[in-house]
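*Asks:* Taking the hints into account, I'd like the entire structure generated from these sequences.
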Amino acid sequence: QARLACQVRVPRTPREGSFAAWTAAGRAPVLAPLAKMSVVDGLPFADDKKKYILDTLDPILEEMVSDVLTEVPPQPLDYMISWLRKRSGLSSVHDQQSLQARNKALKQELKQIKSSIEEAGNAIKTDDKGDEEEEEEDDDEEIDEIPESMKKPEAQMGRARQSVSAEAYGTWNQKKAFTPPSHPKSDDLKDRLEQTLLKSFMFSNLEKKDMETIIMAMEEVTIKAEEKVITEGDDGDFLFVIETGSLECIKNIEGTDQVVKTRDPGDVFGELALLYNCPRAASVVAKGECVCWKLDRESFNHIVKDAAAAKRNKYENFLKSVSLISSIDAYERSQIADALIPETFKKGDTIVRQDEPGDKFYIVEEGTFYATKGSERVMEYKSSDYFGELALLKNQPRAASVIVESEEAKVLSMSRMSFSKMLGPLQSLLTRQADKYT
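First residue of the sequence shown? That's 80 in the numbering used here, and the numbers climb one at a time after it.
Hints should not be assumed to be uniformly reliable.
To be verified - Below, simulated SDA-like cross-link-like pairs (lysine to any residue); rule was C-alpha separation at most 25 Å, straight line: (1) K129 to N182; (2) K393 to S463; (3) K399 to I420; (4) K390 to Q414; (5) K129 to V144; (6) K390 to T447; (7) K288 to D270; (8) K287 to K393; (9) K366 to S499; (10) K500 to L403; (11) K373 to S325; (12) K425 to L277.
Claimed, not checked - Restraint ranges, calculated between C-beta atoms of paired labels, are given here: (13) K307 to T451: 50 to 58 Å; (14) M159 to D428: 43 to 51 Å; (15) L189 to I160: 29 to 37 Å; (16) T451 to S499: 26 to 34 Å; (17) Y410 to P259: 31 to 39 Å; (18) G312 to V457: 31 to 39 Å.
Treat the hints as calculated values from the structure; they're not laboratory data.
For glycine and all other residues, C-beta sits at the position ideal for the given N, C-alpha and C.
*Replies:* Here it is, written out as structure tokens:
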């Protein structure tokens with residue numbers, strides 16, 4: 080650089096708006112002397128290359144440096160790379176190619192979906208033309224979209240069909256009257272079981288009558304340490320709710336048993352086989368002695384399944400209006416919907432109290448609330464707003480009190496554990512917005 084600074088620049092008229100024009104106009108007095116010096120004299124290059132530097136490279140570099148100094152980007156290297164791409168037109172071409180590739184993929188996916196729908200329609204039309212059992216076998220051969228991991232062994236196929244047909248109702252298969260089992264329980268045991276069930280999304284939205292029916296239908300089971308409760312690939316006729324203890328979900332991956340998840344008190348396991356009539360997706364083994372509540376398939380389908388599906392759909396649609404959650408994908412949103420617990424309050428009720436520890440996150444479903452710090456009113460909340468995240472993010476007492484303003488209000492709450500699991504990816508966004516409480 081010292082060598083170049085001492086060389087004499089060949090005078091030439093700087094382009095308007097370029098870095099050379101900027102310096103020549105006297106707006107960079109320190110660099111102005113360099114504008115008269117040559118950057119090529121004395122360099123070990125042939126004359127044609129020196130001419131190329133002056134006529135081709137130098138104008139581009141001057142223009143880029145001028146734009147860099149105008150914008151002053153925090154990451155100049157990234158800015159210059161982007162600048163060069165735009166200058167050469169590569170960015171627009173790349174974007175166009177990327178868009179074309181996405182359109183092509185979407186068209187292919189749409190074509191596959193239409194093909195699947197047509198196949199399903201043809202299968203329905205031909206269902207009454209021949210022997211039902213023979214048609215089922217033909218369908219099994221034609222449908223190849225089912226993943227191998229979800230298919231049942233041959234020995235289980237007959238039972239699987241019976242299970243599916245028994246749960247599909249229509250004019251040809253009338254729904255029979257259902258009488259749930261009833262296992263006597265003391266009042267204390269009922270209360271204890273209800274508190275456990277309320278921790279699970281599948282039961283938290285049940286009507287009081289349905290909750291009582293489920294409690295009576297559930298059977299308590301004690302599981303010893305290292306005992307296998309569920310075996311991967313087996314049929315499933317029960318789901319379990321954990322009251323005490325922990326269990327590990329173990330899946331065989333490429334010939335090796337691997338722990339893929341741990342289940343704790345309040346969690347449900349074994350529900351997938353009942354929801355989708357598929358084999359057990361993983362084995363479940365007790366880490367220590369556990370107490371669980373077992374619910375049979377028929378009771379689950381008649382009482383819990385419909386209520387859980389309705390709750391999930393309702394909350395998934397509602398969460399689309401919550402700015403914090405609307406940007407995440409549908410699967411994650413459905414997981415959050417499963418973890419939400421509805422709570423109802425009346426006017427004047429204090430939901431969270433300033434300086435007290437916090438263990439819940441809240442989303443306003445209906446009604447209005449306001450927050451106070453001391454005697455000062457600092458925030459207002461309406462449907463789709465949320466509060467209570469600061470105490471969970473920073474493990475500190477509540478920064479403000481939140482009080483119901485409307486005659487009645489409903490919130491959807493999430494425990495600290497669920498908040499950490501479900502909203503972990505949004506922690507940075509939540510932290511940036513925490514200044515509303517300060």
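*Asks:* Would you mind marking each hint as holding or not holding in the structure?
*Replies:* Each hint, compared with the structure:
1. K129 to N182: 47 Å, violated
2. K393 to S463: 14 Å, holds
3. K399 to I420: At roughly 17 Å apart (the allowed maximum being 25 Å), I420 and K399 satisfy the hint.
4. K390 to Q414: OK: K390 and Q414 at ~12 Å, within 25 Å.
5. K129 to V144: Status holds; Cα separation ~20 Å.
6. K390 to T447: 22 Å, holds
7. K288 to D270: 14 Å, holds
8. K287 to K393: Holds, at roughly 19 Å.
9. K366 to S499: 23 Å, holds
10. K500 to L403: 16 Å, holds
11. K373 to S325: 15 Å, holds
12. K425 to L277: The hint holds at about 21 Å.
13. K307 to T451: 50 to 58 Å: Taking Cβ atoms as reference, K307 and T451 lie about 53 Å apart, which means the hint holds.
14. M159 to D428: 43 to 51 Å: Violated, at about 58 Å.
15. L189 to I160: 29 to 37 Å: The hint (29 to 37 Å, Cβ to Cβ) holds, given that L189 and I160 are roughly 36 Å apart.
16. T451 to S499: 26 to 34 Å: Because 27 Å falls inside the window, the suggested range holds.
17. Y410 to P259: 31 to 39 Å: 32 Å, holds
18. G312 to V457: 31 to 39 Å: 56 Å, violated
Hint violations for this structure: numbers 1, 14, 18, all remaining hints satisfied.
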